[in-house]
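Trainee: Residue-level listing of the chains:
Protein chains: 6
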Amino acid sequence: QDPEERRTSVPGVATGLAVTGAGGDVLFVEAALSEPGTGAQGVTLTGQLGDVMKESAQIALSYVRGHGKELRISTERLADRGVHLHVPAGAVPKDGPSAGVTMTTALVSLLSGRKVRPEVAMTGEVSLTGRVLPIGGVKQKLLAAKAAGITTVLIPQRNEADLDDVPEGVLDGLTVRPVADVREVLELALTPAAKAPEKVLVA
Amino acid sequence: QDPEERRTSVPGVATGLAVTGAGGDVLFVEAALSEPGTGAQGVTLTGQLGDVMKESAQIALSYVRGHGKELRISTERLADRGVHLHVPAGAVPKDGPSAGVTMTTALVSLLSGRKVRPEVAMTGEVSLTGRVLPIGGVKQKLLAAKAAGITTVLIPQRNEADLDDVPEGVLDGLTVRPVADVREVLELALTPAAKAPEKVLVA
Amino acid sequence: QDPEERRTSVPGVATGLAVTGAGGDVLFVEAALSEPGTGAQGVTLTGQLGDVMKESAQIALSYVRGHGKELRISTERLADRGVHLHVPAGAVPKDGPSAGVTMTTALVSLLSGRKVRPEVAMTGEVSLTGRVLPIGGVKQKLLAAKAAGITTVLIPQRNEADLDDVPEGVLDGLTVRPVADVREVLELALTPAAKAPEKVLVA
Amino acid sequence: QDPEERRTSVPGVATGLAVTGAGGDVLFVEAALSEPGTGAQGVTLTGQLGDVMKESAQIALSYVRGHGKELRISTERLADRGVHLHVPAGAVPKDGPSAGVTMTTALVSLLSGRKVRPEVAMTGEVSLTGRVLPIGGVKQKLLAAKAAGITTVLIPQRNEADLDDVPEGVLDGLTVRPVADVREVLELALTPAAKAPEKVLVA
Amino acid sequence: QDPEERRTSVPGVATGLAVTGAGGDVLFVEAALSEPGTGAQGVTLTGQLGDVMKESAQIALSYVRGHGKELRISTERLADRGVHLHVPAGAVPKDGPSAGVTMTTALVSLLSGRKVRPEVAMTGEVSLTGRVLPIGGVKQKLLAAKAAGITTVLIPQRNEADLDDVPEGVLDGLTVRPVADVREVLELALTPAAKAPEKVLVA
Amino acid sequence: QDPEERRTSVPGVATGLAVTGAGGDVLFVEAALSEPGTGAQGVTLTGQLGDVMKESAQIALSYVRGHGKELRISTERLADRGVHLHVPAGAVPKDGPSAGVTMTTALVSLLSGRKVRPEVAMTGEVSLTGRVLPIGGVKQKLLAAKAAGITTVLIPQRNEADLDDVPEGVLDGLTVRPVADVREVLELALTPAAKAPEKVLVA
Ligand SMILES: [Ca+2]
Ligand SMILES: [Ca+2]
Ligand SMILES: [Ca+2]
Ligand SMILES: [Ca+2]
Ligand SMILES: [Ca+2]
Ligand SMILES: [Ca+2]
Ligand SMILES: [Ca+2]
Ligand SMILES: [Ca+2]
Ligand SMILES: [Ca+2]
Ligand SMILES: [Ca+2]
Ligand SMILES: [Ca+2]
Ligand SMILES: [Ca+2]
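Chains as they are written, first to last, in our numbering: chain C, 28 to 230; chain V, 28 to 230; chain U, 28 to 230; chain W, 28 to 230; chain E, 28 to 230; chain R, 28 to 230.
Worth double-checking, as some hints may not be accurate.
Under 7 Å between C-beta atoms, here's a sample of chain R residues computed to sit facing chain C [what the hints assert, rightly or not]:
#1 93
#2 98
#3 105
#4 106
Here are the in silico distance ranges between beta carbons for each label pair [unchecked claim]:
#5 96(U) with 99(C): 51 to 61 Å
#6 218(V) with 179(U): 25 to 35 Å
#7 36(E) with 218(R): 45 to 55 Å
#8 146(V) with 96(U): 18 to 28 Å
#9 221(U) with 163(W): 54 to 64 Å
#10 199(W) with 220(U): 49 to 59 Å
#11 204(C) with 119(V): 52 to 62 Å
#12 199(V) with 101(U): 50 to 60 Å
#13 187(V) with 96(U): 45 to 55 Å
#14 47(C) with 68(E): 43 to 53 Å
#15 97(W) with 218(E): 16 to 26 Å
#16 77(R) with 33(C): 55 to 65 Å
#17 81(V) with 198(U): 38 to 48 Å
Listed below are the simulated DSS-like cross-link pairs for lysine-lysine, each with C-alpha atoms no more than 25 Å apart in a straight line [claimed, not checked]:
#18 142(V) with 96(C)
#19 166(R) with 121(R)
#20 81(U) with 81(W)
The set of hints was computed from the structure by calculation and includes no laboratory data.
All values reported here derive from a predicted model rather than from experimental measurement.
Each residue gets a CB set at the ideal place from its N, CA and C atoms; glycine is no exception.
The following block holds chain C by itself, in its conformation from the complex (with noise of 0.2 Å):
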């Protein structure tokens, strides 16, 4: 696959994982500002979501909010901006709170510059402290992933029995990593910050 043509081949955009009734499916939740001074403001959520999902969506900004020092996040620029989150495909509808970890993820990717592994995907409800709570479909999404050519999943803690469930081969080539606070799922899943470009000394 051509990098530039990876979905998270630029900062706000988080892979996610979700059942469907047809088995499990990759997601992506997209991020975006709008440039200042536009009229923008608040928070516009879009992708059909019902009402469990735009909860998990004002939880997560909430929880960037609260954290930008922390986060090392500029979260003032939420302040005279508006900001996006958008769940593709346009029209399936979607609902459920196990893509709390995703949609922090691409707000933190978003405000801090820091792109998205494109191998990791990840699932977790998130609560207003940041813990991972636990959610449904663990074998079904770990499918998804696979058939994704996601290498690393990331699920909460508290499903990690769920794996005794899944066939050994789904998890061959899988690096599944448990985590209980959404900071090891940014620790995970946000590449490094970008630091100053070296100078290349030409003497």
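Add chains V, U, W, E and R with the ligands to chain C, keeping to what the hints say.
Mentor: The following block gives chains V, U, W, E and R with the ligands in isolation, referenced to the frame of chain C:
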């Protein structure tokens, strides 16, 4: 349990008690403030709260906003920040007035920086003047508290008679404190205000 | 009853009378103001109030906002604070216009600092000009007031004829005061404005 | 009737006529302004008004806001205060456009300080340009007006033919004035503007 | 008809044509501005308008707001005043896009002070760029216009073929003008801009 | 066709393709800005758009607000004016995500002043990062485009395989351009930016 793993290990989280179709349960009310200057404002309520429970949150917030001086908390922090109350799990609908004391305690904990004692759980409706009004399901709630390792449970004074119906064994090892005013709840549930750290003099 | 335990022991609480499926009942209307500078504004109504009862609250508030000078209350405190009207119990749906006098009294009590007399209960619709309009359930309301230890009940003048249907025994020990204007209600229900404390001269 | 007891004894109250399932009825439209600086703003409509009647109130208000100079009323008082229109009784649902003239009259009475003549009742839809449009139930409304002691009734000019169906006896003692423009309504229904009180010279 | 009695005798009123269950009908669109400083702002739509017709009003308003210079109208008057569009009769539900030209004409008449010619009626949907799009019921609308004494009817150019189905007799005495752009509508329907009154010189 | 008659003869109009119960159809997305200082603000969406299509409009707008610099358009014009997106015909309900590219193109055309090429139509969902996602009804849309005189159709790259099902004859005379990013759409659909007019030197 590792103290760091406790839900109440940060200010803003209080332990409540609920009755579900399947008996009693422990629930956590999480309160969070955004940092100033992030564009957040007003109140966000999540956790699939029903009408009555949303009103409980409004009552808790008004109580706090009207008693800041008396409670020695900085309610002016509510003016330029968003406040968010969340009750996990995100996908489980919840309703009823009995989390009023828990919501009030979570808010006062958040604004005072005083953590909630991890061994204390509570249940009770709160009126706008701080009265603790009676609730249902005392027996199931005590059972759930005990199962969760709670040792002190605050119940409304007007529910004291309900203790007669609770088997002796349940009350063993549980301290049940009837309360009539939310000020008593705060006194019993919150850890003392932090003092300036003692200086260690090395002579 | 310990005076401190009385619901009306703080300004902002007035005793009303309601009719339920099971007869009459006493209800309390609680009014509260946030402290200035907490970001609260506007009006919050809680207690599972129906459409008609919410309109009663709006009428009570407009009445107060239009008659501040005459009532000698500081309505400008409503400008930079939130005002909240609550009617416990939080989970019980309530409706109807007959709490209009009680809501008006609670608001004037709050803004004037004058407590409501604990022995007085009241019922009556209020129009925007302060007229007290007739209500239903006079007999049941008087019974409920008496059972609650109330000794003075204010009813609309246009309900005076309903007293003929009330058994003699019920009226024994009850002072029923028919009123035509909410100003009469306020005069009868509120304690006098606090005066500067008398100085004790020791010569 | 004691003049002080009349509903129209204060500016802002006008007498309308309605048709109910049980015949005609007199209704009062009450308009009130908050004092400046109480935080009130915008328009509040109460009295369980239906969609059409709420639109009548908006039309009345827009008419007044667009014709302040011509009507010599201080519409700028509407800018920093809340205006409230209420139609008792609070629990009775009401709908229809025929209170348009009554609402306009109540508003102009309020803003001009000119009381509405107690012997005048009125019915008619108002268009945004002040046209008085025809309504239904002329006969029942006249009967209700007469029963209430009204002596002058204003009806839409386009309803004049309906008078043929009204029994002679009903019209005895009633002055019916057909009107085509709401300016005529105001001229007939409002008392003259107050003049400066005459000085009594004592020489 | 007395010119003063005409609905279009003031700027802001335009004559439209509708189809009802009972054939065609003439309708009037009334536009009004509040005086500055009355606290009114935004747009008010009344007349029991359905979703599609409310969108027509928004399109008409956006068209006017985007073409003020070209139309030589003072759109800045919309900034500090409320604008209100009403379509009598108030209790009759109305819907559909065909009043678009009429709403645009009423707004331009209001803002330019140019009255609408009383002998002109119109029908046509308007797009956001001012295109006049086809509508239904041409025959019934022409019949209604003729019955109301209208002599010029503006119809969408794309409805020109519908005139073949209209009996000869109906078109006698009617000038039907097909139009493709709302600018043509305005040119045909509005009276010329007022000039400075001629001075009468008396030598 | 007279160039002046073309729907795309002004900036802000783009040609889309839809599928209806009766086959494919051409639709036009119209974007308009109010002049500054008319009191308009925010976004207005009309054309009886369904939930998914309204979200498409929000995505298009956020994309534009986040990429103004890159697209060399003056997004700050969105701050003090209202923006309106309309899709005629006004009474026809529309839904689905496939007008995303068309809405984005109409907005960029409006803000850049670059007209949309009249011979180009387009279809495709857009994600918040500008990805063009696949849609349905390629065959019907191409038929509709051809019938409308369109010679170039832009489709999502991920729909390229659908071209195999399109009869040869349909593709004759049609240039079909698969696109993966909305930037390609803009490059292919918009006319070049206007340059300063060449000066004609007469020596
Ligand atoms: Ca739901
Ligand atoms: Ca997920
Ligand atoms: Ca409910
Ligand atoms: Ca509880
Ligand atoms: Ca109701
Ligand atoms: Ca009552
Ligand atoms: Ca209705
Ligand atoms: Ca009436
Ligand atoms: Ca509709
Ligand atoms: Ca029409
Ligand atoms: Ca939908
Ligand atoms: Ca399309």
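Trainee: For each hint, tell me whether it holds in the structure or not.
Mentor: Each hint, compared with the structure:
Because the smallest distance between the Cβ of residue 93(R) and any Cβ of chain C comes to about 5 Å, under 7 Å, the interface hint for this residue holds. Of the supplied interface hints, the one on residue 98(R) is violated, with its beta-carbon coming no nearer than about 11 Å to a beta-carbon of chain C, more than 7 Å. For residue 105(R), the interface hint holds, since its Cβ comes within 7 Å of a Cβ in chain C; the closest pair sits about 5 Å apart. Here the hint on residue 106(R) is kept, as its CB sits about 4 Å from the closest CB of chain C, short of 7 Å.
Taken as a hint, the range 51 to 61 Å holds for the pair residue 96(U) and residue 99(C), whose Cβ atoms sit roughly 55 Å apart. For the hinted restraint 25 to 35 Å between residue 218(V) and residue 179(U), the CB-CB distance of approximately 47 Å leaves it violated. The hinted window of 45 to 55 Å between residue 36(E) and residue 218(R) holds, with their beta carbons roughly 48 Å apart. One distance hint, 18 to 28 Å for the beta-carbon pair residue 146(V) and residue 96(U), is violated here, with the actual separation near 55 Å.
A beta carbon spacing of about 56 Å between residue 221(U) and residue 163(W) agrees with the range 54 to 64 Å that was offered as a hint. Distance hint check for residue 199(W) and residue 220(U): the Cβ-Cβ separation is about 54 Å, which falls inside the suggested range of 49 to 59 Å. Taking the beta carbon of each, residue 204(C) and residue 119(V) are about 26 Å apart, not inside 52 to 62 Å as hinted. Hint check: residue 199(V) to residue 101(U), Cβ distance near 55 Å, so the stated range 50 to 60 Å holds.
Here the CB-CB span from residue 187(V) to residue 96(U) is close to 48 Å, well matched to the stated 45 to 55 Å. Range check, residue 47(C) to residue 68(E): about 46 Å between beta-carbon atoms, so the 43 to 53 Å window is met. At about 22 Å, the CB distance of residue 97(W) to residue 218(E) agrees with the hint of 16 to 26 Å. In this structure the supplied range 55 to 65 Å is violated for residue 77(R) paired with residue 33(C), their Cβ-Cβ distance being about 31 Å.
For the pair residue 81(V) and residue 198(U), the supplied restraint of 38 to 48 Å holds, since their beta-carbon distance comes to about 42 Å. Between residue 142(V) and residue 96(C), the direct Cα distance comes to roughly 21 Å. Compliance with the 25 Å bound is thereby established for this hinted pair. In summary, the hint linking residue 166(R) to residue 121(R) is supported, as the alpha carbons are separated by about 19 Å, within the 25 Å threshold. The suggested pairing of residue 81(U) with residue 81(W) holds, with an alpha-carbon distance near 17 Å, which does not exceed 25 Å.
Of the hints listed earlier, those the structure fails to meet are numbers 2, 6, 8, 11, 16, in rising order.
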